Amino acid sequence: MKTDIQPVIELSEVHKFYNQGQLREVHALKDITLRVEQGEMICLRGPSGSGKSTLLSIMGCVFGPTSGFAAVGGKQLSRMPDQYLTCYRRKTIGFIFQHFNILPELTVENNIVLPLLPLGISPHDQKKRAALLMERFGIMHRRDFQASQISGGELQRTAIARALILDPPIILADEPTAHLDSTRSLELMESLTTLRQDGKTISLTSHDPLVTEHKNVDRVVDMEDGCIVESESVCS
Amino acid sequence: MRPSWLLISFFSLFIVIDIVFLCVHNGRRAEFDATVPSLNSLVAQMGLSDLALSTEARYTRHPALTDPVAPFMDHIGAIEHFPSGSFMAPSSVRKVGMPNE
Amino acid sequence: MNNSVQKQLNILDYGLQSLWRKKFKNLCVFFIFTLVIFLLASFQCMNTSLTRTAEKLLLTVPDITIQQLSAGRQTAMSVETIKKLGTIFGITEINPRIWGYYFDETNGANYTVLGTDDHSFAPLQLDLLESGQYLKPEEGGQVVLGQAVVDNLALSGRRYFSFFRPDLTLMSFQQVGVFAEKTNLLTADLILMSLEDAGDLFAMQKGYVTDLLVTVGNSNEIQTIAAKIAEKIPGSRVLTSAQIQKTYQAIFGFRSGFGAACLLASLAAFVILAFDKGLGFSKEDQREVGILKILGWQTGDIMRLRFYESLVTSLCAFVFGMTLAWMHILFFDGGLFRPVFLGWSVLRPSFDIVPFIQLQDILLVFAFSVLPYLTATIIPAWRASMVRADTVI
Numbered sequence: 005m006k007t008d009i010q011p012v013i014e015l016s017e018v019h020k021f022y023n024q025g026q027l028r029e030v031h032a033l034k035d036i037t038l039r040v041e042q043g044e045m046i047c048l049r050g051p052s053g054s055g056k057s058t059l060l061s062i063m064g065c066v067f068g069p070t071s072g073f074a075a076v077g078g079k080q081l082s083r084m085p086d087q088y089l090t091c092y093r094r095k096t097i098g099f100i101f102q103h104f105n106i107l108p109e110l111t112v113e114n115n116i117v118l119p120l121l122p123l124g125i126s127p128h129d130q131k132k133r134a135a136l137l138m139e140r141f142g143i144m145h146r147r148d149f150q151a152s153q154i155s156g157g158e159l160q161r162t163a164i165a166r167a168l169i170l171d172p173p174i175i176l177a178d179e180p181t182a183h184l185d186s187t188r189s190l191e192l193m194e195s196l197t198t199l200r201q202d203g204k205t206i207s208l209t210s211h212d213p214l215v216t217e218h219k220n221v222d223r224v225v226d227m228e229d230g231c232i233v234e235s236e237s238v239c240s
Numbered sequence: 103m104r105p106s107w108l109l110i111s112f113f114s115l116f117i118v119i120d121i122v123f124l125c126v127h128n129g130r131r132a133e134f135d136a137t138v139p140s141l142n143s144l145v146a147q148m149g150l151s152d153l154a155l156s157t158e159a160r161y162t163r164h165p166a167l168t169d170p171v172a173p174f175m176d177h178i179g180a181i182e183h184f185p186s187g188s189f190m191a192p193s194s195v196r197k198v199g200m201p202n203e
Numbered sequence: 198m199n200n201s202v203q204k205q206l207n208i209l210d211y212g213l214q215s216l217w218r219k220k221f222k223n224l225c226v227f228f229i230f231t232l233v234i235f236l237l238a239s240f241q242c243m244n245t246s247l248t249r250t251a252e253k254l255l256l257t258v259p260d261i262t263i264q265q266l267s268a269g270r271q272t273a274m275s276v277e278t279i280k281k282l283g284t285i286f287g288i289t290e291i292n293p294r295i296w297g298y299y300f301d302e303t304n305g306a307n308y309t310v311l312g313t314d315d316h317s318f319a320p321l322q323l324d325l326l327e328s329g330q331y332l333k334p335e336e337g338g339q340v341v342l343g344q345a346v347v348d349n350l351a352l353s354g355r356r357y358f359s360f361f362r363p364d365l366t367l368m369s370f371q372q373v374g375v376f377a378e379k380t381n382l383l384t385a386d387l388i389l390m391s392l393e394d395a396g397d398l399f400a401m402q403k404g405y406v407t408d409l410l411v412t413v414g415n416s417n418e419i420q421t422i423a424a425k426i427a428e429k430i431p432g433s434r435v436l437t438s439a440q441i442q443k444t445y446q447a448i449f450g451f452r453s454g455f456g457a458a459c460l461l462a463s464l465a466a467f468v469i470l471a472f473d474k475g476l477g478f479s480k481e482d483q484r485e486v487g488i489l490k491i492l493g494w495q496t497g498d499i500m501r502l503r504f505y506e507s508l509v510t511s512l513c514a515f516v517f518g519m520t521l522a523w524m525h526i527l528f529f530d531g532g533l534f535r536p537v538f539l540g541w542s543v544l545r546p547s548f549d550i551v552p553f554i555q556l557q558d559i560l561l562v563f564a565f566s567v568l569p570y571l572t573a574t575i576i577p578a579w580r581a582s583m584v585r586a587d588t589v590i
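Protein chains in written order, with the working numbering: chain A, 5 to 240; chain B, 103 to 203; chain C, 198 to 590.
Do not take every clue at face value.
List time: in silico BS3-like cross-link candidates among lysine-lysine, alpha-carbon distance up to 27 Å [unchecked claim]:
| # | chain 1 | residue 1 | chain 2 | residue 2 |
| --- | --- | --- | --- | --- |
| 1 | C | K204 | A | K132 |
| 2 | C | K429 | A | K131 |
| 3 | C | K379 | A | K131 |
| 4 | C | K429 | C | K403 |
Computed beta-carbon distance windows for the label pairs [stated by the list, open to error]:
| # | chain 1 | residue 1 | chain 2 | residue 2 | range |
| --- | --- | --- | --- | --- | --- |
| 5 | A | D222 | C | R218 | 36 to 44 Å |
| 6 | B | L115 | C | K253 | 29 to 37 Å |
| 7 | A | G25 | C | Q214 | 37 to 45 Å |
No lab work stands behind these hints: they were computed from the structure. Keep in mind it's a predicted model, so treat the numbers as computed, not measured. Ideal Cβ placement from N, Cα and C applies to all residues, glycine included.
Let the hints inform the model, and build the full structure from the sequences given.
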């Protein structure tokens, strides 16, 4: 483990309970300790219910842990009230979701600028920023199309463009290839690789071999029943 | 154009229309106010107590002067059609020829 | 532009777009709401217009009106009664009057017959008459007619017409003048004749009239003098001008209250609909909120978004409905509500409603429409904003 570099994500002895103290209490994360360095691409692997998504949510500042230490980008999450968490998340994290979670009735451009709206950025600047990203990911010609009218690959690139609109240092992707064929999956991994080359830290969850065995994934973290089972480095 | 400007234009349009309406209203009122003194003298001279709005019965024509039992005078079971009666049809007996008291 | 203003505009834009995306549903809500506000505002405006008009016109009603009651009904009273009142200090004038109703069987219409011997009509300005002249005291059988009576009798230029006395003998009249159109509000159904002619038409006993009009020198003394009159003439009904005015306001108040109660019921139904619409929070809506939240929208932003959506819907409906209501009153004389206010008179006085628009009414309609709608949508909006960001992960 490279301890000389300041970790971007640092979790130690993290526990997460849902419905704590109630009948349906779930102990979702058990004693998780994990460090992710800047520029690293890691992959969380495990069956559904193993706690991958919960771990990703903590890494993505969606909520803090029930107990333990969790710091993202140098800030300790458990001390942050909810609204600061949201502000912080907006600046720090870009999300790519399993179903891309693109709003189908909005145009491609309007989907991409969604994170900018509550920041009070003028429509003119919104368009400028979106245009740069659409250009970069080759979806400029789909700009005014409704998201429901574009292809799966374009949808995926729209999702990446939206994740990058605020230029966050950390990208989190939850099962990004779950609904893609192998060509599209490889395309997505290529896109993520270029982001990594830009210095972004990337964390994925997946059990798709195309992802877990991809040459650019630095580390695969295996999870089971809320615990980290094994952490293996793919590349030397 | 951004949607919020469209909304603001919608409101502005209606505010303009409403201002025009207010002007029409003020004109009509001024016209009426000009006739008020002569109408007042008419009221005073003839001792008129009510507006000529409903002429259906004496207690609706001159509600301010009528005696409280007037609606029930015509026949037993007469409908008190003022003011609640305003929302019901008059009894058919009336139409057939009884004085429309 | 200021950052926070820009932020509000951005959220408003997004809200407007999402309203537009569900345009069928939202336009339906908008139109129903507009209709409710239109009805409420028209009714309120019409009521105000009529009461204010009555208030202005009836300022000069006689100070005291005296009627005789017998067996709980109004009967004729002798002119001799005037002598009894002569001793009351403060009364400046007493005028006897016959006030009756003539039912015209051919037309099914009621005319108001006013018989008076007050020959001080001379000072009345001539512009109160459209044509002709007032009654001449020395000549009998003359009448001055209201416009609706002229129309109803279909005189078309004829000057003579006849009415039946109670014993079915005919009494003929000569029309000498017609009241001007601007007095329609007061004179539409009026037939003005001399006291003697009126007594003859109704076959009343000589020297008997229906009521006495009393003028008092000092208006502060009206109540005291009314009490004295009541004492002097047992079994009489003594009405003061203040009572008449009050009764008048109460009449419109009652009708308006009744109408408003019906309208408020529809408003309540609408508010329940709005509440229900807000609560019927679909999976799609939930997902949208989840996505927005995880993309960095705060709970407050989502609430603001939903609030703007209801505000826009209700304000647009308010402005639109209010404007339609004003149009209804200004240009269509409140056609929809005339029947409610005017009853079902056969003889329809044709007058223009004098519109009266006042701030209170606007605020009242606002308070009874926009505010309940906003309140009804706030709880669903709050619930919607409580969707957790991680629901979409």
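Tested hints:
Of the supplied pair hints, the one linking C:K204 and A:K132 holds, its CA atoms being roughly 17 Å apart against a limit of 27 Å. Straight-line distance between C-alpha atoms of C:K429 and A:K131 comes to about 90 Å, which puts the hinted pair past the 27 Å bound. Under the criterion of a C-alpha separation no larger than 27 Å, the hint pairing C:K379 with A:K131 is inconsistent with the structure, at around 63 Å. A threshold of 27 Å between alpha carbons decides the hint, and for C:K429 with C:K403 the separation of about 23 Å falls inside it, so the pair holds.
Between A:D222 and C:R218, the C-beta spacing of about 42 Å keeps the proposed range 36 to 44 Å intact. At roughly 34 Å, the beta carbons of B:L115 and C:K253 sit within the given window of 29 to 37 Å. Taking 37 to 45 Å as the suggested C-beta distance range, the pair A:G25 and C:Q214 conforms, at roughly 42 Å.
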